[in-house]
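J.: Fit chains Y and D to the given chain E structure using the hints.
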Amino acid sequence: MSNFVQLIWLIPILPLAGFLIIGLGRNHLSKQTSGLIGSTVILASFVVSVIIFLQVLHGQVFNPHYFNFISVDKFNIGFEFKIDQLSSFFLLIITGVGFLIHVYSTSYMHEEPAKNFAKYFSYLNLFVFSMLLLVMGGNYVIMFIGWEGVGLCSYLLIGYWFKNNDYTNAANKAFIMNRIGDVGFLLAVFWLMARIGTVNFDQVFTAANLAKLSTTDITGITMLFFLGATGKSAQIPLYTWLPDAMAGPTPVSALIHAATMVTAGIYMIARSNILYTMAPLTQSVIAIIGLATAILAATIALKQNDIKKVLAYSTVSQLGYMFLGLGVGAYTGAVFHVMTHAFFKALLFLGAGSVIHAMSGEQDMRNMGGLKKNMPITHITFLLGCLAIAGMPPFSGFFSKDEILAEAFAKNNLLWIVGVIGATLTAYYMFRLYAMTFLGKFRGTDAQAHHLHESPSAITIPLIILAILSVIGGWVGIPEVFVHGGHRLGDFLTPVFAQSAAIATAHPISHNTELMIMCVSVLISLIALIFAWKKFGNPDSYRDDKASEKETAIGNILQNKWYVDEIYNAVVLKPLHSISLFFNNIIEKKVIDGFVNGVGKAVNYGSRQMRWLQSGQVGAYVLWMVLGMLTLFIIQLFL
Amino acid sequence: MDIKYYITLSLTLFTIGIIGVLIRRNAIIVFMCIELMLNSVNLLMVAFSKMHAASGIVKSLPTYASDAQIFVFFIMVVAAAEVSVGLAIIVMLYRNTHSIDVNFLNRLKN
Amino acid sequence: MGTYITFPELLLWLPLLGGIACFFMKDAKPVKAWSLIISLITLLVSVGSLLYADNSKYPTYNSVNYIWLKYLGNSFYLGLDGMGRILTFLIALGFPIIFLATYKNNYKSPSAFYGLMLLAQAGMMGVFISMDALLFYFFWELALIPVYFLCSRWGGERRIPATFKFFVYTFVGSLLMLVGIIYIYLHTNQRSFEDGTISAHSFALSSFYNASLSASDQNWLFWLFFAAFAVKMPVFPFHTWQPDTYDQAPTSVTMVLSGLMVKMGLFGVIRWLIPILPLATIKFTNIVMVLSIAGIIYASFLAMVQDNLKRLVAYSSIAHIGLMCAAIFAMNTLSVQGVMLQMFNHGINIIGLWIVIDIIEKQTGVKHISKLKGIANKAPVLTIMLLVIALANIALPLTNGFVGEFMMFGGLFSFNSWYAVAASLSIILAAVYTLRMIRNVFYGETNSLTENIKDISFNQQFVLGFIVLLIFILGVYPQPVIDLTKSAVTSLLKI
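Chains as they are written, first to last, in the numbering used here: chain E, -17 to 621; chain Y, 119 to 228; chain D, 70 to 564.
It is possible that part of the hints are untrue.
List of simulated lysine-lysine pairs, DSSO-like, C-alpha gap at most 27 Å [unchecked claim]:
no., chain 1, residue 1, chain 2, residue 2
1, Y, Lys168, Y, Lys122
2, D, Lys523, E, Lys97
3, E, Lys145, D, Lys431
Worth flagging that the hints you see were computed from the coordinates, not collected in a lab.
This is chain E alone, in the form it adopts within the complex:
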């Protein structure tokens, strides 16, 4: 069995090799070759992941240690991995979905010149490498390497079309917002180091070490880690970068900003679950922030017209649900939702990409409509994705979302009520999106209408696979209510969360209650779904004349995203800039330099005055000399 350990390092190395080969050879490789290399390494990585996963399924856990990364005194950070149930599960999602998106990209990006095409694939491979490092890392530092690495790749890929200033701005925004979170993460790591003296997961989570942490420590550490998670996983207050990140190519949005990177925060908290279970205060904060984000983003999504923006806000909102799950202690539920969300959100993004491709780059839904007949495969798969995200049984989203909501109900009814409202909004805006895009009649230009076509198979096959997964993916976690022992995923992940389960106080709810709350949420969502379908699907209901559209006050606020960007700008950016200018123009130039130059000027002035003594007349010098001598005599003799 130990032979399989030898394979583990291949998982991240393969994408890294792909990155290096494509990156260094970008001037020489044809598009086919770079696409092929890029996809193959991910596929190989996926195969290895599957092999490892099967071992883990049999109860094997791997902790390979490669070399000492930083070793000072007694403090030691190894370059080490930890492959257990949680990480092997994430490996499958990352490499699996990653591979599909690579395949999709070969077709989606085919209009790019070969050089840029290679650049794109090298970045994509680098991203997968970083993400794998994040998930496989056996201590917080290795995790942090991946953590910042994915942020970097996200930056590079958002700014992929770097000639456009808005895009590069969005890239900068993403990186900086992530960095704010990263600082939180780092400080939490330092805090752990200062108190425990190790960052290795297995060592940190031992009872002896946990006992060294006071309540303040644990709350502080978990809060800081959570700050890191809000940056990476786009939660309040650091969520605004994600909608802007849609500037990147659509497959990137699907891979990074929907399926994998943004779930890093959830992975990290699930990995540190014991810390969070020990910090109830942080848990409450997480639950509230998660829920608030879910609702806020959902309301914004109601009024967006850019197809990718809607999906972006829906991602933020779904991530909010996952954090709600983490906050109420439903770690399994959150991880479960990560998986189903990866499937259906990747599907939706790729479907949107297919639509955008067909519309020659058009992203405004007001110019779409009626694409049902031109793009049958995209349409069907997209519909399945919408049903999954709306939480309709038996699609995958239903199981994961309801697991989180049921646990929220058990913790606090209010959380559940707000959660259901959010789910309703989700169903509404998703079907508004669906209806505006695929139903009704076409509202674009004639040129676009002419160009409409179903996408090639490199695009549709990933769509179909993801659609199938979106439908059946939830069946690994069927609640006890329906099938006894149906929650295979929960059983699989039990060892990871065992420590938390031991100290958490469970509030089991009866099967009847569970059934009842399920029915309520599904019914309400269904009503919203049908309402949206009717409202936006009717060809006549949508007015072509956009200018005459009158928005209500609240609609205006929603369309402008609650003015959060503007508020940040006024509250954070402007003052920062003013401070910088103040420092530069007043303190630096006037005060410090003023002082230094003042000293210089004083010396200069003094010397100019002294110069008059140097008249150049020998007689004057002698006079001074004699006067000096006389003074000395006087001092000597009389004083």
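T.: Chains Y and D only, in chain E's frame:
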């Protein structure tokens, strides 16, 4: 003879020298005044040397009486050398500027 | 006293004699080649000194002690320890890189230029290897004076006021230190030499460590020394010479100044300040910390609004050095080890940044962010190199900057968490100004200045590629450097 006469003479010579340097503009006169000052100090030195020898303060040394006298000879030799150099400079100055007015010689200032 | 020549001697004499020899050459080409060869040989020697790093195995290779001014208690004592080894290696590595990267630049009177450069190298080498206070002071000035001439003669149009500022700042600092050295010297014990001479006092480092200084003496001596080192580093508020000088000095001199010479200040604090004046260090730690951290944040803010690329890098460097200074005074193994590593990393990275800026300035004639645009369209290789170096500069993981900063922050946090929190603000600000610079200069459409820019030439590619490689190697496997400086750190922390 009492030492104070020597001191008075030396001081007078020295003062004449200083005043000469201060008020005369002819380089040769200034130069002569400097020599005068130098020699007034020489005179003082010889006088003190003689005084100390007579009072017997430094009798323990074998050369007590001649130390300062010899020193003064040295000074006179050096002064002679200095005079020759100084006069040479003045001659050169005159050749270059056709003047030996020291107030005119302030080139270093600029 | 070795019968054969030792590493420290070689490291000192090679650039010193090589530099003097430069003055006797006439043409540009042989001078360039000569100085490059000398610097490469020095690098080889330095690599050799790393291979023979084990002082217990090769005691005779690494130190040399000639009696010099024995009545003053002074000797010509050079020695290499872990810290000296890594810093001399940085110097030895920095110069060939600088010479190579600016190989195509032409200077008026090249022989003097390269001669002075090599003399500066010799001076810095001397600073890092001297084990005697008088010698240390001598080399400290020897390193400063050639740079003064280099700036004032070959600099930009505002070079005279800038150099004047630089000179006054550093010279005032040096003189204060000299006063301090003499005062401590007068309080050292007597020293007996092998030939029986006994001097009343001693300049030897070890005697300085054992000097009997009262607590009140230490208090004011601390500030004398600290002034000299703080100016050199520079620490807020002694820093204003730096942006001006970096801006006005010729780029290769700027590289020397920012990449190599600022390490003299940090080195001085570690070897000549803390161990000699431990009581005062403990007393003033908090003041120094507050100054350094205020400087970090202050400089980061300033970097955000700079339009001049060179000034931007200068302020970013001030912020990084401030962090190192704070980490030294945190005085725990992790932070000081981090400083050792980061001194090296910072040198490499910032030299890389200057090389890129030099390339841009040479090709377009401007160094202002607002005037440049879209360079990535025309020079992708340059952009990638810059991206890596800039990201290393803001401490992205798997680059060398991360390891150093991680250790320093970690050490700082365990010293005082609030200081670390305040300093960590700079992590964010660093990202802000670096990305802003990258976006404005490299991204977007090209403009009239940048549309004809050519990608980098082979020697530049080689140099930058080498730097990038070093960045990754030290970012992934920094342990050898940590091990190298381990003994120096433990001996420092024993005090």
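J.: Against each hint, give a clear statement of whether it holds in the structure.
T.: Hint-by-hint comparison with the structure:
1. A C-alpha spacing of about 13 Å is found between Lys168/Y and Lys122/Y, which places the hinted pair at or below 27 Å, so the restraint holds.
2. Note on Lys523/D and Lys97/E: the hinted pairing holds, with a Cα-Cα distance of about 17 Å set against a maximum of 27 Å.
3. Between Lys145/E and Lys431/D the CA atoms are separated by roughly 24 Å; this keeps the pair inside 27 Å, and the hint holds.
Hint compliance for this structure: no hint is broken.
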